[in-house]
Amino acid sequence: MGEGAAGAARVVSFLTDYGLDDPYVGEVKARMLSVCGEIRVIDVTHSVERQNVLHGAFLLYLSYRFFPEGTVHLAVVDPGVGTERRCIAIRTRRYWFVGPDNGLLYPAASEDGILRCYEIDLDAYPRYGGETFHGRDVFGPVAAELACGASPKMREVDPETVQKLDFGRPVVTDRGVRVRVLHVDRFGNCITNLRADELPSWMRYGDTFSVRSAGKEVRARFARAYGEVQPGKFLLTVGGTGFLEVSVSMGDAARQLGVRPGSELVVEQNEVGSVDRG
Amino acid sequence: MGEGAAGAARVVSFLTDYGLDDPYVGEVKARMLSVCGEIRVIDVTHSVERQNVLHGAFLLYLSYRFFPEGTVHLAVVDPGVGTERRCIAIRTRRYWFVGPDNGLLYPAASEDGILRCYEIDLDAYPRYGGETFHGRDVFGPVAAELACGASPKMREVDPETVQKLDFGRPVVTDRGVRVRVLHVDRFGNCITNLRADELPSWMRYGDTFSVRSAGKEVRARFARAYGEVQPGKFLLTVGGTGFLEVSVSMGDAARQLGVRPGSELVVEQNEVGSVDRG
Amino acid sequence: MGEGAAGAARVVSFLTDYGLDDPYVGEVKARMLSVCGEIRVIDVTHSVERQNVLHGAFLLYLSYRFFPEGTVHLAVVDPGVGTERRCIAIRTRRYWFVGPDNGLLYPAASEDGILRCYEIDLDAYPRYGGETFHGRDVFGPVAAELACGASPKMREVDPETVQKLDFGRPVVTDRGVRVRVLHVDRFGNCITNLRADELPSWMRYGDTFSVRSAGKEVRARFARAYGEVQPGKFLLTVGGTGFLEVSVSMGDAARQLGVRPGSELVVEQNEVGSVDRG
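Protein chains in written order, with the working numbering: chain Y, 1 to 278; chain C, 1001 to 1278; chain P, 2001 to 2278.
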């Protein structure tokens, strides 16, 4: 195997809810380097909401696709650590995914195409302290082994037994579509569960729509770039995420709409004859 | 080219206003690694104030000089993403700079010495989603190509057409100098736009000066180290940044002075015969 | 020397109180890469409380052990920077430690076994700006030199002269033990100074104990995993840190107890005949 190929095969992406204020992320990396000195770890984020598996699954789903083929995706949001939930590794078409079997890995892995699933043999991975840090003691070492081409201690299981999870389906109504906000980013962009390839046929670039949250209603233009509307105005975009987003040019849509992850929004067509006040 | 030289040439420095809570920084790195598996990315900071180009330009200016020759500086603070602002790469004496043509790169690049400028050919870099994430879809891949010695799709342009930006000049008055705070760091140090090599001749180490913000006035000793004054006392230093800073030993000068980035401060000599109450 | 060995020998762990919002961490890494292009830097954390040497020493102590042999641990929490406190490097059984001689390195280094100590020759390391950023100007370059097998400018000193520091001893009382909280993590876990190998003989897994903070008293089960108690219930664990922790399953123990780093807690046995209301 050539150097280039080896390099490409040794990337580990890393996503958790550990935060960066504690030494936990560093400890996992230290353990991984102890297992295999040749890996490269790329942090996706460690700011998943604490123990929010859905949130973690969504951020992993957004980001996994940009990594080079052969990347091992290590993801840990694990409120059930130490209980009977399994530790798993999933081989997909282009990647490996390693983490707890609680749905976290499923949306990304199933989209990429699950080939094989494995249950990690916990007895083979010693814990330092109690059963509270499988990221460092189990998942990290397994991810490092996979990235380096070693064989972790695990046994194949039926892919159908893997815990499933989905982001909810947008609900099409008479004149609009009801979507769920799955993530609010630093810029206040509200990222919804409506994928670009599922946009209603009546949503056309340049048109203006109404966006309703609980108690608020604004008008937003469907645009390709923030700069297409005046600063302070709402817009709808297919953001860099590939999902419909609600934004404010040079502003903070989430704050203005009072929206948080989990909130619902309704996007509606203009009434016939309505005047665009946007 | 030897291994060492190659290693030195493949560093990418990375500065944005993306924050670390979203997967954006990870996605850019993932794309870069997909373009070139051999690069090393060093984060400068991703906490530039949202869409504050001046702030980003200053932090880039402070830090770029410490990187090894050949480093590609990737910087993205880009409120105009998707509009007609250009995507550029600048070759300087020791480095490359890649980012939006909105002034962000100018102070650092011009200080290092601009040799050539290029406009990136947007058609050559596919966007995933809309025109909202050129960091991942355009700038990152171009930076990775440059770091690896590949040839990005771009055409040379007149360096004079690059958007300029400066940090404002300190204003010398009768008895003092009026400076602008460009950054407040974690320790509450207020970093001003007065460079060490432009200090007034009357500023001598060991002397005490008055420092005025809007509505507050304190006395501060010009010192080489925080420990030269008592805990809780104000001091002036030429900090690790190479600019004049206002600090409090073991305290938070910004909070005590009510100062934020953009605030003005006046540093004045003692009146003749004044008693040093510091 | 084989590739693997070289790789393993060139890891630098990095812990500071610099935060990630300023360019300081990036500048130190840039300087290190300029000294030696082959090192790998792993961030432990940069969120040590500002200028809190005890807090930094504890986080270093928790994490250093997970790094591969030969790692250079670079740690900087340095309120005395620029004063007469020494800059030191310590050779231990498995590692190097580099930082200020203020106790920060001592608990980790002494546990690993101090072999030799060195005082860094400040004259050999030029400062950019004043005497305020030895992390970038002195410690970083020395750590990089050590990681690459170069010889920093330093002279051997008596290990007995190194500044000592300890985390305080738990105090055993009639019916319990008084411990100090040394760190509160993102999940609200309160990590104490009671080590797993020093647990009182009366603490047995599955039993329930009383935990008192100033003004609050709760009952907590001594468990191996968070999931062993109901969500919202307190528990005691030997966490991933190897120290006794007080936690709430799916909750935030520090907030509920009103506890911060430095707070004291008392863990007591049940009274004979008491009814477990936990």
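Watch out, some of these pointers could steer you wrong.
[Stated by the list, open to error] Some but not every residue of chain P turned toward chain C, in silico, with C-beta under 8 Å: (1) L2020; (2) P2023; (3) G2080; (4) A2124; (5) Y2125; (6) T2208; (7) S2210.
I should point out that these hints are in silico values taken from the structure, not numbers from a laboratory. Keep in mind it's a predicted model, so treat the numbers as computed, not measured. Backbone N, C-alpha and C fix where the C-beta goes; we use that ideal spot for every residue, glycine too.
Legend entry - List of violated hint numbers, smallest to largest: Numbers 4, 5, 6, 7, in rising order.
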